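Chain order of the listed sequences is S and R.
Take 531 as the starting number for the first sequence in the working numbering and just add one per residue.
Take 317 as the starting number for the second sequence in the working numbering and just add one per residue.
It is possible that part of the hints are untrue.
To be verified - Calculated cross-link-like contacts (lysine to aspartate or glutamate; reagent style DMTMM-like; alpha-carbon spacing at most 25 Å):
#1 Lys564/S - Glu437/R
#2 Lys508/R - Asp756/R
#3 Lys441/R - Glu533/S
#4 Lys323/R - Glu556/S
#5 Lys323/R - Glu613/S
#6 Lys448/R - Glu404/R
#7 Lys845/R - Glu613/R
#8 Lys429/R - Glu532/S
#9 Lys420/R - Glu568/S
#10 Lys448/R - Glu560/S
#11 Lys441/R - Glu532/S
#12 Lys448/R - Glu614/S
#13 Lys323/R - Glu606/S
#14 Lys420/R - Asp391/R
Rather than coming from a laboratory, the hints here were simulated on the basis of the structure.
Since the model is a prediction, treat every value here as computed from it, not as a measurement.
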Amino acid sequence: MEEVYVEEFMSPGCVGCPAVKEMLKELSAEFGGKLIVEEVDITVDTTRATQYGIMSVPAVAINGILKFTGVPSKEELKKAILEEIEA
Amino acid sequence: MNARKDKRIGIFICHCGKNIAGGLNIEALVESSREIQADVFVTDNKFCCSEDGQVEVQKAIKDHKLNRVVVAACDPSLHLMTFQRCGEKAGIEPQFVDLIDIRKWTMHGSPQKIDPEQALERSKKLIELAVKRISLKRLIPSIEVKAEQSGLVIGGGVAGLEAGLDLADKGYRVHIVERLPTIGGKMALLYKVFPTNDCAPCILAPKTAYANIHPNINLLTNSEVMNVEGYIGNFDIKVRQMPRYIDPNRCTGCGECIEKCPRKVVDDEYSAGLGERKAIYIPYDLAIPKKAVIDAENCLYFRKGACRLCEEVCPADAIDFEQQTRIIDLKVGAIIVATGFDEYDPTEKSEYGYGRYGNVITQFQLARLLDIDGPTKGKLMRSTDGKAPKSIVMVQCVGSRDKNTNDYCSNICCMYALKHAQMIREMVLPDAEIYICYIDMRTTGKGFEEYYRRTRELGINFIRGRPSEIVEKTDTKNLILQLEDSDIGKLLEIEADLVVLSCATIPSSGSQQLSQILHIELDENGFFKEIHPKLRPVETNVRGIYICGAAQGPKDIPDSIIQARAAASFADGELRKAKIRLPEFMVHERTLSEGGS
Chain S
531 MEEVYVEEFM SPGCVGCPAV KEMLKELSAE FGGKLIVEEV DITVDTTRAT QYGIMSVPAV
591 AINGILKFTG VPSKEELKKA ILEEIEA
Chain R
317 MNARKDKRIG IFICHCGKNI AGGLNIEALV ESSREIQADV FVTDNKFCCS EDGQVEVQKA
377 IKDHKLNRVV VAACDPSLHL MTFQRCGEKA GIEPQFVDLI DIRKWTMHGS PQKIDPEQAL
437 ERSKKLIELA VKRISLKRLI PSIEVKAEQS GLVIGGGVAG LEAGLDLADK GYRVHIVERL
497 PTIGGKMALL YKVFPTNDCA PCILAPKTAY ANIHPNINLL TNSEVMNVEG YIGNFDIKVR
557 QMPRYIDPNR CTGCGECIEK CPRKVVDDEY SAGLGERKAI YIPYDLAIPK KAVIDAENCL
617 YFRKGACRLC EEVCPADAID FEQQTRIIDL KVGAIIVATG FDEYDPTEKS EYGYGRYGNV
677 ITQFQLARLL DIDGPTKGKL MRSTDGKAPK SIVMVQCVGS RDKNTNDYCS NICCMYALKH
737 AQMIREMVLP DAEIYICYID MRTTGKGFEE YYRRTRELGI NFIRGRPSEI VEKTDTKNLI
797 LQLEDSDIGK LLEIEADLVV LSCATIPSSG SQQLSQILHI ELDENGFFKE IHPKLRPVET
857 NVRGIYICGA AQGPKDIPDS IIQARAAASF ADGELRKAKI RLPEFMVHER TLSEGGS
């Protein structure tokens with residue numbers, strides 16, 4: 531299986547971000563290390579967030595495609611990752 | 317799934333002179349980068365951003381048939397576009413060019429600088445991550461959208477007006493939203509401005525008057541932005557307009573209602589708490605729009621259900637007690653934030669006695685007292701006994717350059733203290749002794765040093781040192797200040813009739829809330845944050861939203877004007893395209909559930 535690159539956009543004090551972080555941690559274990567998760571603090575790396583046009587966090591991009599803003603359910607997140615693997 | 321094998325990645329490691337090369341082992345970084353993937357191309361360059369450096373990148377792209385590029389160099393907010401353009405010239409889709417910042421760990425003076433071994437390890441990891449990211453990255457689908465030929469300016473002070481007029485003159489429809497009942501902002505209340513000692517309302521009036529009649533400008537006073545959705549070119553705005561209880565189409569600003577209104581209240585907004593106004597009022601003579609407004613909190617009819625005298629006497633039948641809050645929907649292509657500043661409330665600096673001692677005031681209050689249209693008609697008098705002060709002490713840096721309150725320099729306080737000292741000496745009380753107690757006098761601006769020298773020549777006393785405490789004499793209400801003049805190393809005691817605190821410039825109230833509505837960042841001091849403090853000072857993290865004036869940080873009027881024009885120019889630069897290419901998801905954003913910040 532090909533690796534999948536997940537960018538998790540967050541900021542300090544963001545209410546929903548820890549939930550997304552936890553889900554990605556669980557999914558990483560599930561996908562057996564094929565998930566590369568990068569945490570991007572939008573207050574530090576503003577350019578990356580601007581490129582994606584992200585206006586609120588949490589937000590999740592998979593293989594460079596922004597998939598979610600807000601907190602998705604774990605199922606939705608997993609489905610999006612699988613879709614990307616099959617794309 | 318797209319395999320990695322068709323991705324040919326080039327890694328370009330920049331020395332940035334000695335900025336990076338002086339802080340880590342470049343050779344080791346090149347070697348470790350070669351081991352990331354078998355077919356990766358790696359090279360280093362003294363200055364990747366130089367003409368030669370860019371030619372080398374382009375040559376490598378062609379020679380090695382690269383289709384992905386990672387440049388390990390500096391802050392992407394500075395140079396990402398440089399390398400994307402460079403890559404595009406050699407045939408690479410800009411989205412497949414990435415710039416990562418390793419210089420922050422190596423450069424002298426960088427707050428994040430670490431030792432060379434650590435810098436090397438972190439850089440290795442960052443490059444590895446960037447290579448994985450760029451090799452797995454798919455092209456972000458984009459879509460072309462029509463840009464609304466209109467702008468929203470939040471704040472009707474001098475910066476907001478300048479930005480709004482600039483855009484309106486360029487042909488865009490502009491909505492200026494102002495929280496107060498009149499435009500003009502703080503500048504309208506300053507009476508005089510440095511370094512020309514011009515009459516502030518006189519030089520502001522051409523702008524307020526023009527904004528009032530400009531065919532492309534829609535002024536929304538007594539209004540606040542409630543909600544913003546959308547993206548550059550297509551922002552959907554909801555504005556809440558509070559009722560004036562006056563029909564603006566009928567009100568002529570004659571003032572008969574004000575004369576008859578029986579209810580007097582302290583005027584905090586326009587007289588800095590030193591004067592009175594009625595419950596129905598026009599903020600000041602040059603207010604725009606010059607329409608009365610009823611302060612419902614203090615109006616007898618709203619409080620007790622009785623009175624309505626204003627309604628009886630209004631010759632234009634303009635009073636409307638039934639008026640309701642209006643929600644106004646706007647659609648604009650760009651937004652400019654010009655919400656200005658507030659004066660720091662020095663009450664918490666209890667050693668100065670502000671709020672406890674009647675003869676301790678702030679510089680903004682002094683500006684209102686000196687104004688011939690202000691609460692005392694330009695007479696400088698003490699609030700405790702109405703007498704003219706013979707000895708006036710100004711204390712600089714109150715709430716500025718102070719670790720316990722605000723660490724930053726407020727930029728304008730030295731100059732407005734000099735201005736008020738000149739005005740008192742030359743126009744109001746020529747015989748009064750005036751002292752300015754300072755840490756450093758900061759007068760960096762065109763004509764400012766000359767202004768400082770001139771103030772000294774007027775016989776104003778400058779003391780390097782600030783009082784540790786101010787004590788009020790119970791009988792005379794005079795104020796005793798003890799301080800050390802550090803220039804001569806001597807302890808001084810001054811008895812003053814009036815003490816004026818030069819208070820910090822702080823972010824306008826509501827900045828936090830507005831930053832959440834707009835999804836733009838604030839800096840560590842609570843001012844709106846620019847993308848890059850030197851090179852991109854009016855852009856924010858949201859494309860299409862710009863900042864200017866004191867909303868971005870403490871600054872004087874000329875700097876505010878320059879930024880306002882810059883913000884308008886950026887907005888124009890985007891809107892004039894008429895159609896803007898955007899990532900598809902921005903247009904069809906998939907928002908799932910609540911919980912974000």
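Quick rundown of the hints versus the structure:
1. Lys564/S - Glu437/R: holds (23 Å)
2. Lys508/R - Asp756/R: Holds, at about 23 Å.
3. Lys441/R - Glu533/S: Roughly 17 Å separates the two Cα atoms, so the pair holds.
4. Lys323/R - Glu556/S: violated (29 Å)
5. Lys323/R - Glu613/S: holds (21 Å)
6. Lys448/R - Glu404/R: holds (21 Å)
7. Lys845/R - Glu613/R: Status violated; Cα separation ~35 Å.
8. Lys429/R - Glu532/S: Violated, at about 36 Å.
9. Lys420/R - Glu568/S: OK: Lys420/R and Glu568/S at ~19 Å, within 25 Å.
10. Lys448/R - Glu560/S: holds (20 Å)
11. Lys441/R - Glu532/S: holds (20 Å)
12. Lys448/R - Glu614/S: holds (15 Å)
13. Lys323/R - Glu606/S: This hinted pair is violated, its Cα atoms lying about 29 Å apart.
14. Lys420/R - Asp391/R: Roughly 8 Å between the alpha carbons, so the hint for Lys420/R and Asp391/R holds.
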